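Chains as they are written, first to last, in our numbering: chain B, 1 to 382; chain S, 1 to 382; chain Y, 1 to 382; chain C, 1 to 382.
Keep in mind that the hints were calculated from the coordinates and are not lab data. On a predicted model such as this, the values are computed, not experimentally measured, just so you know. Treat the hints with caution; some may be incorrect.
Note: identical chains are not told apart, hence a pair may lie in one copy or across any two.
[Unchecked claim] Derived pair list, reagent style DSSO-like, types lysine-lysine, alpha-carbon separation capped at 27 Å:
(1) Lys-22 to Lys-122
(2) Lys-355 to Lys-310
(3) Lys-105 to Lys-22
(4) Lys-355 to Lys-22
(5) Lys-310 to Lys-105
(6) Lys-122 to Lys-310
Below are the chains, spelled out letter by letter.
Number of protein chains: 4
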Amino acid sequence: MVTELRPDVGAVVLSGFNAPLKLESAPVAEPGPGAVLARVDLAGVCGTDVHLHHGHLSIPLPIVLGHEGVGRIWRLGQGVSTDFSGNPLQEGDTVAWSSNIPCGKCYWCVVAGERTLCETRKVYGVNQRFDEFPRLSGAWSEAIYLQPGSAIFRVPGDLSPEHVIALGCAGPTAVHGVIEVAGITVGDTVVVQGSGPVGMASAMYAHLAGASRVVLVGGPSNRLLLAREIGVGDVHIDIFEYPGAEDRVRLVLDATPGRRGADVVLECAGVPAAVAEGWEMTRRGGTFLALGQYTDRGAVPLNPHLITRKELRVVGSWGFAEKHYLRHIEALPRLSARFDLRRLITRYRLEDADKALADMGSGRVMKPVLDTSLRSQVDTPD
Amino acid sequence: MVTELRPDVGAVVLSGFNAPLKLESAPVAEPGPGAVLARVDLAGVCGTDVHLHHGHLSIPLPIVLGHEGVGRIWRLGQGVSTDFSGNPLQEGDTVAWSSNIPCGKCYWCVVAGERTLCETRKVYGVNQRFDEFPRLSGAWSEAIYLQPGSAIFRVPGDLSPEHVIALGCAGPTAVHGVIEVAGITVGDTVVVQGSGPVGMASAMYAHLAGASRVVLVGGPSNRLLLAREIGVGDVHIDIFEYPGAEDRVRLVLDATPGRRGADVVLECAGVPAAVAEGWEMTRRGGTFLALGQYTDRGAVPLNPHLITRKELRVVGSWGFAEKHYLRHIEALPRLSARFDLRRLITRYRLEDADKALADMGSGRVMKPVLDTSLRSQVDTPD
Amino acid sequence: MVTELRPDVGAVVLSGFNAPLKLESAPVAEPGPGAVLARVDLAGVCGTDVHLHHGHLSIPLPIVLGHEGVGRIWRLGQGVSTDFSGNPLQEGDTVAWSSNIPCGKCYWCVVAGERTLCETRKVYGVNQRFDEFPRLSGAWSEAIYLQPGSAIFRVPGDLSPEHVIALGCAGPTAVHGVIEVAGITVGDTVVVQGSGPVGMASAMYAHLAGASRVVLVGGPSNRLLLAREIGVGDVHIDIFEYPGAEDRVRLVLDATPGRRGADVVLECAGVPAAVAEGWEMTRRGGTFLALGQYTDRGAVPLNPHLITRKELRVVGSWGFAEKHYLRHIEALPRLSARFDLRRLITRYRLEDADKALADMGSGRVMKPVLDTSLRSQVDTPD
Amino acid sequence: MVTELRPDVGAVVLSGFNAPLKLESAPVAEPGPGAVLARVDLAGVCGTDVHLHHGHLSIPLPIVLGHEGVGRIWRLGQGVSTDFSGNPLQEGDTVAWSSNIPCGKCYWCVVAGERTLCETRKVYGVNQRFDEFPRLSGAWSEAIYLQPGSAIFRVPGDLSPEHVIALGCAGPTAVHGVIEVAGITVGDTVVVQGSGPVGMASAMYAHLAGASRVVLVGGPSNRLLLAREIGVGDVHIDIFEYPGAEDRVRLVLDATPGRRGADVVLECAGVPAAVAEGWEMTRRGGTFLALGQYTDRGAVPLNPHLITRKELRVVGSWGFAEKHYLRHIEALPRLSARFDLRRLITRYRLEDADKALADMGSGRVMKPVLDTSLRSQVDTPD
């Protein structure tokens, strides 16, 4: 028997690809053993949400979107007394959560130790249906039902919800790719291709890991300006100012010791053509990380001779798992002390989720965030 | 003052691309301090020699070809009393030598620790002119002048010169790529693309490193037959029998646990198209080594989405340095105890170097070897 | 409701430390969902069992001992149709199983990826009580109830149960320590301290991983003789013949290139004093693995200056988890093709478990194995 | 023929252990091919100098002390036109240099890639005699003759000589140990044992590498106060306030997530007893770096069981080589932007080298520096 809490809450539901989102009213279930019910304060809008809306990925419908969220504990299910790190949890505590729950039993979870590759993992806001229990499984909502096995993190006292949501899933994604897989280290010269949320988070992590020089290749100019203003990147190359790959490669080489190229190139552009360009920017013996190739756009021309001759290490990283989210939370106080993360955010009401999606798609803003406090009840008139 | 030894010796000289090679008579210099003069017993013919002959690489002319050799110490220059490993050296000792001498001072030698990337290294049989001192700088000759800084190795007592020459430069190349860069380990499922000398050496090293299953994808059938007979590979896929990449990928998946694909794929085919095929054969989180892309044939279609989604590690390896040659020499007793290496060899006279080159180019034989004992003097009639 | 199968089976029960073991009759439960019931054919006796019997470790009583076993599927619980690797499972299949079940949720399981460090893992034959369901939780029994979450492996067709039990837990322990943590690679010179089961398994894995030279330091002479006969180790140093550590260090240095010491030293002796000796045997920049220090015997004199000056890498490895067992099973056909594993075994009846323990303790035999077929029913007179 | 430059310069010479140092006048040789003559501006006094003075290490006498220096190019030898990184060099440029010149030919230089282990490397201020050419081979002098093969670095424009000398050899030593060997990464909890120059440099590098928390265990209080003031360390434990190891271990555990202990412990104390304490502070699966055990004080009690049970990785690091110095120079702008390095320094005249040594030995100051501008000529009266 599921007990329901009153009153119902508002949730943004995707019922048809490319169709307008709908703010619907939904009942709230009392959390069962091991589960946690949280009120959502802020929910992030991610580039993946744009793809989901367009039906580029195979997902069930209807769903409540939103795989990035921060909120407060509403109710703790039986047996839940601490967060993932072992900190005590109480109702009212500010929390964030990893968006996915790997199965914990398969080859990828147990043998390969790559829980991000688990084929049956649950992902909030992506593969949990709105018409099945517990319904509230996306963060674009006033509440979310965090199922047993969720990695929930109490937000450290000196951080505000804005600090957490500003990087959204780009933060733990960068921890996985930039820190764990690419392995930036002190003194590295790093190129970041792309200045969207993943590029910004990756560049910040490159700084945090002690890179001696970070070259940010991106655009449009407002994004690069913002990056400059908050101290992200040492050299900025505007792809609209330098539309030719050859020019950009030359500028990157100019910015690296001995014109050898970068120790590490982080591809966060999502454009297949960035890969060939990035290989040219990487020094011999260097590392190229494909972090942005989430969509399968098919084959593009690439020269494999470069891999042999330059002894490249070309690596990929897909999403993140609990351990990356944990490390992100542990690193967040350092990041937020160094960069004014809140400047990345633009707030929207839940009702304006469509507009937030559109602004994300166009790149007009850096990071749209749905703020549930801007409208507290679905049935309340503006 | 260079002192010359009598009589002159015969050396195979390349004076013009695509032109016939010429067996010329050359004077022998007494080795200076730090140098060593060696009689060559056996010299290997490598696929790279075919490319050199065709002028595919930028090299000076004229040169004595031959970057693979084994022979006996003729004269030791002043100050040379041990081999690279510290074993005492005497005239008459059987020795092999690393084909290249890195500068030891540049970024690649000192900082990156990748001496194979040294831009000014000397390479016997490739970039040392025949018309300059010490002239005898290639192994296709009755003698070779090993310059100071050469890594010379006394051949362990239980090994014959045939054991050393059978794998030629493919041996240390595989040590570098397969063992050091790709890092095969016990229990791995390994695919080797290509059954020429590099593919054979790589598959042998995969076995030696404890791979649980080695799938050899190559051809023509005589090469696979030889592989089977000497115990190289557990599964053999003939590319002439299965000309379609899709079929080969399917067969490889069938041969891997859970049809996940191979833990490691070693590309030793030298054909750009093998790379896309190899990426399909690699399991998620697995490693793909581009070991055979020595020639720049330009870009081919490759799907970078696979790198991100499958979290591939795509690495390259270029040639080898002293440490790889050392490890190869240390591993050779194990290899030769396990595989009948001598079966790889086909012998030719120095005079028949053109034929040896042609047979290498056509793949008619596995490993042509010039045997100086088949004709001891340049001026002796057949 | 637990359904019981008839008739009862015999199980060797430890009810009091240092007291005689007792072969008791126990009921057999029909396996619940996710569980598997197996008949045990062979069960290994391990040095740890000697410690358990003496009460050196904190364990609950009474328990059925036995963390090493191989047997046949008796009944499959609901939902179990494949083994851990995805191979189909049927009643009658020969299987082995990992002795422990990590929780899958804690910091060690999820974040550190070191499931061997899980503090709440279940261990068959060690921390599962005989007086609680499912009672049959040790391998020294005619049957074992494999709880949900167990990693069960169908034994490959070309292997007999003897092949599996011969190395017992030493096999996956060596995979973890020797292959994963120490990381032996092709060409390494390796010293193994200790010639008991863990030393033998470690030396075998060093061979399998391509070590160029394996020096086995152990005793008594019958163990070294056996090692020699089955091809384990290239150099054998008898600690009874050379009782002084200084002599042994000298002999090891003599056996390594340039008298630099071994690339890797694997401590499998279990004696604290072996550590100081092993540090002397390790070359500068080399690796020392503490694999045998399972019992806390307190501090011994060690010189930390050696770690700094020699740039040692001193690593430890504790037990194993599913992935190591999997890799061991995958490597076992190679191991058994190379070494006659069955020669390690000495068989005992279940009734003679006390004698098997005593013989293990004294080192009189290499690997005592309880063979349930030597006496099929607990109530049958001899 | 060596050409001498006029006038002679002053150099601090060690002629007898424990005897007073003497400021002697010495002739200056015109640099030969590949060499560089530099005027010394600032020279560091290191703890090792104290040991050298006491005769704790086997060195030749007489020598000019000083393995840390920064100065200006006086004369460039033939063939020298760039620094180690390829930057153009001119007379008057501010430069620093790596204190040692590995041979570049031995097993350690070529095979192991650990040039810090080279047995025949030249070390300025340590093993170059004052009574042999080129005499001026230590930095406690108005000039130093940098022999061919020296790694010389032009100091980046935004750095002053003070920034370079403040960390002295502790900077590249920390790069080697903390960054390369221990491998601190973003989010790590790090303990630093010792608050002398090596401890300070290591803690700074831990911060630079993105550690989430740095616990500095040291003393006396003035050193910890300085650390606090310049932002080194997040938690400070005074060993004089907490003289018991048990208390310090408890405090460290309190400061780590889940009281698991630190991910990485950096021993920079130089006291053997710190090692046992550090092992207690390291979390299971964590890393302990022995960076300070430069002097052989013999064995101390250590419990090897901890290595096995906790799966520790205990590593050592010895000195540094060119690549570490290079990375230090590349990281220095980041370090100096973050920490006020100049506050570490206390200046002395060359004549007061004895006092500088004494103050270093007593720990009264953090970093004594000999400033040649405080007294320009040896023959000038005060």
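Worksheet item: Taking each numbered hint in turn, which are not upheld by the structure, reported in ascending numerical order?
Response: 2 and 3
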